[in-house]
Amino acid sequence: LLLQAIDGDQTWFVGKKEIQAMWGMIDPYIWAWGKNLVPLKTYTPDGNDIALEAKDLLESVKIKKPRAIGIIGLGRMGGGIAEHLHEKNWHVVGYNKTPEATRALFKKGIEPAKDMQTLISALPTPRLVWVMVPSGKAVDDVMFGEDGLIHYLEKGDVVVDGGNSYYKETIRRGIRLKKHGIRFIDAGVSGGPDGARDGACIMAGGDMKLLKEYEHLFRDMTVHRGYQMFEGTGAGHF
Numbered sequence: 020l021l022l023q024a025i026d027g028d029q030t031w032f033v034g035k036k037e038i039q040a041m042w043g044m045i046d047p048y049i050w051a052w053g054k055n056l057v058p059l060k061t062y063t064p065d066g067n068d069i070a071l072e073a074k075d076l077l078e079s080v081k082i083k084k085p086r087a088i089g090i091i092g093l094g095r096m097g098g099g100i101a102e103h104l105h106e107k108n109w110h111v112v113g114y115n116k117t118p119e120a121t122r123a124l125f126k127k128g129i130e131p132a133k134d135m136q137t138l139i140s141a142l143p144t145p146r147l148v149w150v151m152v153p154s155g156k157a158v159d160d161v162m163f164g165e166d167g168l169i170h171y172l173e174k175g176d177v178v179v180d181g182g183n184s185y186y187k188e189t190i191r192r193g194i195r196l197k198k199h200g201i202r203f204i205d206a207g208v209s210g211g212p213d214g215a216r217d218g219a220c221i222m223a224g225g226d227m228k229l230l231k232e233y234e235h236l237f238r239d240m241t242v243h244r245g246y247q248m249f250e251g252t253g254a255g256h257f
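For the sequence shown, the working numbering assigns the number 20 to the initial residue and increments by one for each residue that follows.
Where hints are given, some of them may not hold.
Listed below are the simulated DSS-like cross-link pairs for lysine-lysine, each with C-alpha atoms no more than 25 Å apart in a straight line [to be verified]:
no.	residue 1	residue 2
1	LYS116	LYS127
2	LYS187	LYS197
3	LYS187	LYS133
4	LYS60	LYS35
Hints were generated in silico from the structure; no laboratory data involved. The structure displayed is predicted, hence computed values, not measured ones.
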């Protein structure tokens, strides 16, 4: 090899221009991985998860995933989630009981809604609505109250309870929504306001097929490898 290098035989080694061309292609990938812009996947040796991952990727290309979401409750957690998803190229429609919070986020690119009906009307079907209000009565009011979601949503729409609801209450709400054909996900969100704004950790519960359908949402909301999905309504909050 050294002799061929001295003789200048390029069939035995790569020249400077070829190396520079390779660096030009590879360096952006290394930079993106270092910034965690494109999370690296890990695979089980001799496993079939590579094939499954490729299949999921093909399915996501065939079926364009909706990237629009309505967020009810724009406090420190809900507002942070709204801003974070907006930066991830989601179309976010926001509603808050006190309009000041809605107006503040409008300046940051969030589409404002004056009431529940306006929020639902602004979303494409199947609609995806994330509820981020205090646990207890507030959640029931948003879902089943006089101006609740149940009066405006249609069969096939999706509601996510992102608050820290008691899991038995979550199961009760899931059963009630299911009677109306509304699909339901419960999601425990960890990380506080900073996590909501810059990437949280999420434990999501519900029908696994539904969770897989909206896995792109959890991936965009969380830090790298920061979510897990559990079968069964209430499992995320549990």
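To see whether the hints hold, each was checked on the structure:
1. LYS116 / LYS127: holds (19 Å)
2. LYS187 / LYS197: Roughly 16 Å separates the two Cα atoms, so the pair holds.
3. LYS187 / LYS133: With Cα atoms ~31 Å apart, LYS187 and LYS133 exceed 25 Å; violated.
4. LYS60 / LYS35: Judged against 25 Å, a Cα distance of about 32 Å means the pair is violated.
Of the hints listed earlier, those the structure fails to meet are numbers 3 and 4, in rising order.
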